[in-house]
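Chain A is fixed; fit chain B onto it per the hints.
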Amino acid sequence: MKILVAVKRVIDPYVKIRVKTDQSGVETQNIKMSMNPFDEIALEEAIRLREQNIATEVIAVSIGSDTSQETLRHALALGADRAILVRTNKSHTSLDIAKILQKIATQEQPELILLGKQAIDGDNNQTPQMLAALLDWPQGTFASKITVNGKEVQVIREIDGGLETLSMTLPAVISTDLRLNEPRYATLPNIMKAKKKPLDILESDDLGLSLKEHTQIISVRAPSSRSAGIKVDSIEALVDKLKHEAKVLS
Amino acid sequence: MSTLVIVEHNNKHISPATRCAFAAALQLDKDPVLLVAGHQCQAVAEEAAAFAGAGTVLLVDNPCYANPLAENLTALVLSIADSYTNILAGSTTFGKNIMPRIAAKLDAVQISDVIKIIGKDTFEHPVYAGNAIETVKVLDDKKILTIRTTAFDASSESQNPCCIENLDKPFTDSKISFVKHELSKSERPDLASAKIVISGGRGLQSAEKFKLIEELADLLGAAVGASRAAVDAGFVPNDYQVGQTGKVIAPDLYIAVGISGAVQHLAGMKDSKVIVAINKDPDAPIFQVATYGLVGDLFELVPQLISQLKAK
Numbered sequence: 001m002k003i004l005v006a007v008k009r010v011i012d013p014y015v016k017i018r019v020k021t022d023q024s025g026v027e028t029q030n031i032k033m034s035m036n037p038f039d040e041i042a043l044e045e046a047i048r049l050r051e052q053n054i055a056t057e058v059i060a061v062s063i064g065s066d067t068s069q070e071t072l073r074h075a076l077a078l079g080a081d082r083a084i085l086v087r088t089n090k091s092h093t094s095l096d097i098a099k100i101l102q103k104i105a106t107q108e109q110p111e112l113i114l115l116g117k118q119a120i121d122g123d124n125n126q127t128p129q130m131l132a133a134l135l136d137w138p139q140g141t142f143a144s145k146i147t148v149n150g151k152e153v154q155v156i157r158e159i160d161g162g163l164e165t166l167s168m169t170l171p172a173v174i175s176t177d178l179r180l181n182e183p184r185y186a187t188l189p190n191i192m193k194a195k196k197k198p199l200d201i202l203e204s205d206d207l208g209l210s211l212k213e214h215t216q217i218i219s220v221r222a223p224s225s226r227s228a229g230i231k232v233d234s235i236e237a238l239v240d241k242l243k244h245e246a247k248v249l250s
Numbered sequence: 001m002s003t004l005v006i007v008e009h010n011n012k013h014i015s016p017a018t019r020c021a022f023a024a025a026l027q028l029d030k031d032p033v034l035l036v037a038g039h040q041c042q043a044v045a046e047e048a049a050a051f052a053g054a055g056t057v058l059l060v061d062n063p064c065y066a067n068p069l070a071e072n073l074t075a076l077v078l079s080i081a082d083s084y085t086n087i088l089a090g091s092t093t094f095g096k097n098i099m100p101r102i103a104a105k106l107d108a109v110q111i112s113d114v115i116k117i118i119g120k121d122t123f124e125h126p127v128y129a130g131n132a133i134e135t136v137k138v139l140d141d142k143k144i145l146t147i148r149t150t151a152f153d154a155s156s157e158s159q160n161p162c163c164i165e166n167l168d169k170p171f172t173d174s175k176i177s178f179v180k181h182e183l184s185k186s187e188r189p190d191l192a193s194a195k196i197v198i199s200g201g202r203g204l205q206s207a208e209k210f211k212l213i214e215e216l217a218d219l220l221g222a223a224v225g226a227s228r229a230a231v232d233a234g235f236v237p238n239d240y241q242v243g244q245t246g247k248v249i250a251p252d253l254y255i256a257v258g259i260s261g262a263v264q265h266l267a268g269m270k271d272s273k274v275i276v277a278i279n280k281d282p283d284a285p286i287f288q289v290a291t292y293g294l295v296g297d298l299f300e301l302v303p304q305l306i307s308q309l310k311a312k
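First to last, the sequence lines map onto chains A and B.
So for the first sequence, my numbering puts the first residue at 1; every next one is plus one.
So for the second sequence, my numbering puts the first residue at 1; every next one is plus one.
I should point out that these hints are in silico values taken from the structure, not numbers from a laboratory.
Hints may be right or wrong, so weigh each one.
In silico BS3-like links for lysine-lysine, alpha-carbon gap of 25 Å or less [said to hold, decoys possible]: (1) 12/B - 270/B; (2) 270/B - 243/A; (3) 195/B - 247/A; (4) 243/A - 12/B.
For the chain A half of the interface with chain B, some residues (derived, Cβ under 8 Å), not all of them [stated by the list, open to error]: (5) 19; (6) 118; (7) 166; (8) 214.
All residues carry an ideal CB built from backbone N, CA and C; glycine is no exception.
Just chain A, with the same shape it has in the complex (with noise of 0.2 Å):
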């Protein structure tokens, strides 16, 4: 079974976000970028159920400018066999990056395209399931736990109030949330054999889609922020504080 995942690169996680002054984006010059983290979880899994012999094969995908080689070497490290960079310099909705990669799943013909339930930048949440729409494959959304059964798969899911079991036949594509496993450190030794694998480069307006406009960004502006209230020195002036001056205990 061939194992197509999609990673993206993004603000690292522990950066502090700055918006530009003119209200354009965010700040991202000189700023260190990762690996999105729920994609290092959909790596993970994927190269988990290939060490287990399920998986042959173990596909790394990025769309992105030539920077997200780098997170795609970086994938590679961690195991991946190969890497496309489906090249672009356009900023792109979660649906053109999900026809981008409805392309690549129609050339690799994987049977499972795992991803990260979510970006940490766009936090959209929408990209697997498009690509599920449009591929006409089951979705299995949240995943905390993956179980590959021949031809089926079940998936547990992470929905409000519990988990949710569902079970699809392949091909079928997977978003991956938080507690599906912890993915592990690439290796000094990963590292330089990584420079070795094979990293193909795909120029997006090669693909033959024709992407149309469907949003304008008016602005992005920062959230109005909260101010530090007060410090109390006991649990008697906290409770006199919600009592009588919040009202929110009574």
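Positioned in the frame of chain A, the structure of chain B alone reads:
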């Protein structure tokens, strides 16, 4: 310009998130249509018909909708989508699962987590864990939106029930089937809509010690939440998680115990009316958003708080 709201329910009751999505729909349309797809869910349709402002309720009662599979519901919505300009649902795991599938089939974008409707095609939504607010204009004819429930007040007003129209439209997909649910059984209020929430973080140290949070919550009739660190450490299940990748809530009172206040946690609770932080580190970022902060050992302070509340 008509608007469809997809009702989230358990075949008995409507989820509070749907009321918030409906409140948003009323800003786009004077009489939105509500779609209730389920099995043996007449009571849900009747509840929806009494929503003040509801134009029509479409009821599709069929065993294939007993559980909300995205594949089946997408096919159903597509079969009626021609009649609607706006399609909305709450931004819950239900809405997040289904809406992008519908949008892609309609070749339309989706705007996730809408917090403000500026005009018929222009919306505000948070990005980067709420550290930036994007205003976006949708150029597609259809507007597919998930609604951040904390940003729209659910109306409790009712009306004389509007008409309930039965549709016979079963859709199934042989490629997927529902196996089972394991829902957390809790006597406590729902985390997403509770007035008071007590959350614990890594400072609680273990699942055993996390019970202190539950004891405090039960005393106040509150829901229990947790930081991602507490979920990662296995103290509590993931559906307790408050934050960028968990639930976004805005209760009247949020008490954060042993939570440092990572950006991704703040994204889920910083719109709470009153925030209390109890943490031993005086420099913890949680104090920057707390209305009332108390520095000290939670294992001394929380039992004190419990006995103080019991004493009254």
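Okay, the hints, checked on the actual structure:
{"no.": "1", "hint": "12/B - 270/B", "verdict": "violated (32 Å)"}
{"no.": "2", "hint": "270/B - 243/A", "verdict": "holds (21 Å)"}
{"no.": "3", "hint": "195/B - 247/A", "verdict": "holds (13 Å)"}
{"no.": "4", "hint": "243/A - 12/B", "verdict": "violated (37 Å)"}
{"no.": "5", "hint": "19", "verdict": "holds (5 Å)"}
{"no.": "6", "hint": "118", "verdict": "holds (7 Å)"}
{"no.": "7", "hint": "166", "verdict": "holds (6 Å)"}
{"no.": "8", "hint": "214", "verdict": "holds (4 Å)"}
In this structure, the hints that do not hold are numbers 1 and 4, in rising order.
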